[in-house]
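**Q** The residues making up each chain are set out below.
Number of protein chains: 2
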Amino acid sequence: MQQKKEIINRLRSSNLRPTKQRILIAKKLFDRKETFHFTAESLNKTVNKKMQRRISLATIYNTVEAFKKAGHIREILTNSSKSYYDTNIKSHHHFYDPDKKKLTDIDYQEVVLKKIPNPPKGKKIKDLEVVISLQKK
Amino acid sequence: MQQKKEIINRLRSSNLRPTKQRILIAKKLFDRKETFHFTAESLNKTVNKKMQRRISLATIYNTVEAFKKAGHIREILTNSSKSYYDTNIKSHHHFYDPDKKKLTDIDYQEVVLKKIPNPPKGKKIKDLEVVISLQKK
DNA sequence: TACTAGTTTAGAATAATTATAAACTGGAAT
DNA sequence: ATTCCAGTTTATAATTATTCTAAACTAGTA
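Protein chains in written order, with my numbering: chain A, 58 to 194; chain B, 58 to 194.
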């Protein structure tokens with residue numbers, strides 16, 4: 058179990074004031090073994106399940122955006138209408154099942170690239186993501 | 058220049074009645090040398106520029122969906138809030154510039170994969186897409 | 001020429017997200 | 001401790017992208 062102090066430090070170190078709401082959301086997101094895929098909507102449900110005082114949806118959005126900017130989570134490429142996020146910020150890849158709208162991590166070493174193109178002038182590569190879309194056999 | 062007949066045949070062969078609107082949209086999309094990236098909104102602008110009779114936005118959406126289902130266009134993975142489409146239906150990859158919200162094709166042979174994972178049971182791979190996100194150097 | 005299923009259309013409805021502005025709070029200064 | 005205020009949260013309104021609805025239209029067959 059991640060200590061509250063660790064979470065507070067993580068927040069402080071990225072210039073995020075450690076409010077009750079942020080600490081609670083950070084716990085839900087980061088205090089787990091497996092990496093976690095979520096949308097604003099699903100996080101809202103998770104966080105507000107059996108809670109006395111609820112965190113507003115606006116705060117969920119604000120916090121997700123703040124955590125994304127700070128690099129604690131990353132947004133995943135899909136062609137769903139919702140934004141999907143991942144607590145695994147290391148470069149890795151996904152299966153996407155459009156039927157179930159489910160993402161699954163692909164272990165980094167499961168994809169090996171032999172050749173990638175040079176970025177256009179004045180630009181560098183920020184991220185490289187492989188998405189393998191699935192369908193029924 | 059692609060002949061009107063060709064376009065009509067293409068529509069018919071995918072069970073799409075060749076209406077005035079679909080023919081006009083198909084011309085805009087397919088009667089060009091380079092492949093074309095667009096959103097519903099941008100296509101709407103393109104199609105309705107200096108037109109006497111305009112095509113409604115609903116028809117743009119309907120037609121894009123119909124063309125996508127028929128496999129004449131494909132949807133591109135991004136994390137933009139809009140859906141991006143590509144007239145290049147061959148498997149290929151993209152640079153994405155989040156600043157300009159611009160996609161650029163990457164030639165298929167510019168990306169070489171050495172190893173990809175097996176799909177989960179009961180599923181097969183529908184599509185594999187590499188997106189390289191860019192940032193300023 | 002008439003008919004009908006498929007299509008188009010304007011506008012309403014919905015879904016996801018962002019903006020607004022008033023109330024609240026963490027933490028520095030007193 | 002108390003005051004203070006910038007940063008944060010909140011409910012709600014606004015916006016954006018997309019889908020739905022149902023009436024009017026049309027391609028193509030009879």
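Don't read these hints as lab results, they were simulated from the structure. There's no promise every hint is true.
[As the list claims (entries may be wrong)] Heads up, simulated DSS-like pairs for lysine-lysine below, C-alpha to C-alpha not over 30 Å straight-line:
#1 Lys-62(B) - Lys-126(B)
#2 Lys-159(B) - Lys-180(A)
#3 Lys-126(A) - Lys-62(B)
#4 Lys-157(A) - Lys-126(A)
#5 Lys-147(B) - Lys-171(A)
Computed from a predicted model, the values in this text were never measured in an experiment.
**Q** Would you mind marking each hint as holding or not holding in the structure?
**A** So, going through the hints one by one against the coordinates:
no.: 1; hint: Lys-62(B) - Lys-126(B); in the structure: holds (21 Å)
no.: 2; hint: Lys-159(B) - Lys-180(A); in the structure: holds (13 Å)
no.: 3; hint: Lys-126(A) - Lys-62(B); in the structure: violated (51 Å)
no.: 4; hint: Lys-157(A) - Lys-126(A); in the structure: holds (28 Å)
no.: 5; hint: Lys-147(B) - Lys-171(A); in the structure: holds (20 Å)
Hint 3 alone, counting from the list given before, is not met by this structure.
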